[in-house]
Amino acid sequence: MDSHRSVLVGETDSESIELGNFGEDPQRAPAHAYPEPDRGRRAWLFLWVGCFLMIALTWGILYLSSPPSFIILQRYQSYRRPALIAGSIITCLAVLASAFASEVWHLVLTQGVLYGLGASVVNTVTIQFLNEWFIERKGLAFGIQESGAGMGGIIIPVLMTWGLEKYGHRTMLIAWFVAITTLSIPSIYFLRERVKPRPGSASELGTLGFLATPIFVVLQAGNIFQALGNFLPGIHLPSAYPIHTHPSDPNLLTNPAIQAFAQRFGASSLDAAGMLSLYNAATVIGAICTGYLVDRYHVSVTLFLLSVGAAVAVFFAWGFAADFGALCAFAFLYGIFAGGWSSTWVGISLEIQKRSPHADLGVLWGFAAAARGVGSIASGPISERLIADGADKTLWWPRSYGTSYGVLILFNGVMLALGGVGCATRAYEVLKRIGHRHSE
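Under my numbering, think of the first position of the sequence shown as 1, with each following residue one higher.
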């Protein structure tokens, strides 16, 4: 009887540790009083119909709002479901309002600020609930959740490009509003907490002391480096190959939107959208596989594989691309390695928690998202400057390196390689451990 009781107590304690500060009081209810985590119909319906579908609909969140959003909703856990519903409504209405935009600032307000804030709240609640529903398979679950963004990007670019050309922006945005409103209903239904929220208190927020730890600084720096390079192919590849004309075409001189790079590897706007869809399809595979690896190996292994794989793809597959087909191959390879990066954040967060046990996993995830936000914002103006300054400096280099994008390609690859700087912390620990053994 005592041994059976100790097993139950052990299970309860273990589970409450895994849940971190997301809120189960082991004294109030045993673990078996709640739905089974990691497996079972309700857990997988929550993951696929809830997390996956919702994130596919709300990609485009304002990364920088993640830390305060996580802190506030962790403090007031009982408001998470209402916040989820409110965020979904704001997101849908922002899309509808943007259909009637007549000025640039209208789009900034609707699709930028309102959509971003609504999506940020939805993403925060989704991550917090996900942390409760999956414990042993947390990495895989986060990978599937993150792959929702890529799934949404498989069809949407081609569909929107075709629809905008045929029906115009107002009709397509209204249709998009109807679609996301309809599809959000099952997502909201299945997105529920696994354990009952408890009344908030300041002590439940954990501590921000992890901000000063070396491992957080190094891993956060890796996130920023990776973000500085991560978005560049998605930004420049589709727009770099819009038209198929010869380099001597006079349009090259009269139309500043047509780059020499585009003339060499011509593609229609629909072709470019198709390449973006191929990339997003690869990110679905990459995100799920990355989550699987995070569950089974130290996170440094995954960081190394992703950073090296993405950098090699940029240096060779993009740098030496000879035609549009080669660029499509690069888009797929890049999606596999770079597209799953955010799935490493749960592994990074758990690694930081080993040094700072009171750090909240959701807040750590929020800071990782904010680091990506910093990198993504900075990468835009940096890349434009690199293209402008490098136009005449790499003409003698081979293939894609010999275009105005040559310096940008080098910068892209270097930043992605530096994204794996977090592996250095693991290498240091291993070498330090070996040194101690030899000293004994």
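No lab work stands behind these hints, which were simulated from the structure alone. Some clues are possibly wrong.
As the list claims (entries may be wrong) - Listed next, with one range per pair, are the computed distances between beta-carbon atoms:
1. Glu36 with Gly325: 16 to 22 Å
2. Ser78 with Val113: 24 to 30 Å
3. Glu136 with Arg433: 42 to 48 Å
4. Leu107 with Arg433: 51 to 57 Å
5. Phe304 with Glu103: 25 to 31 Å
6. His298 with His169: 44 to 50 Å
7. Gly112 with Glu36: 21 to 27 Å
8. Ala424 with Ser102: 29 to 35 Å
9. Glu429 with Gly325: 40 to 46 Å
10. Val301 with Ala326: 25 to 31 Å
C-beta: ideal position from N, C-alpha, C; glycine also.
Now the hints, each set against the structure:
Between Glu36 and Gly325 the beta carbons are some 47 Å apart, a value that contradicts the proposed interval 16 to 22 Å. Separation of Ser78 from Val113 is about 27 Å and conforms to the stated range, judged on CB atoms against 24 to 30 Å. Between Glu136 and Arg433 the C-beta distance comes to about 26 Å, which lies outside the given range of 42 to 48 Å. At about 54 Å, the beta-carbon gap between Leu107 and Arg433 stays in the expected band of 51 to 57 Å.
Take Phe304 and Glu103: their Cβ atoms lie about 47 Å apart, and the range 25 to 31 Å is violated. Remark: the range hint 44 to 50 Å for His298 to His169 is upheld by a beta-carbon distance near 47 Å. Checking the proposed 21 to 27 Å range against Gly112 and Glu36 shows it is violated: the Cβ atoms sit about 41 Å from each other. Separation of Ala424 from Ser102 is about 52 Å and departs from the stated range, judged on CB atoms against 29 to 35 Å.
Our hint of 40 to 46 Å for Glu429 and Gly325 holds, since their Cβ atoms are close to 44 Å apart. The hinted window of 25 to 31 Å between Val301 and Ala326 holds, with their beta carbons roughly 30 Å apart.
Taken one by one, the earlier hints fail for this structure at numbers 1, 3, 5, 7, 8, listed in ascending order.
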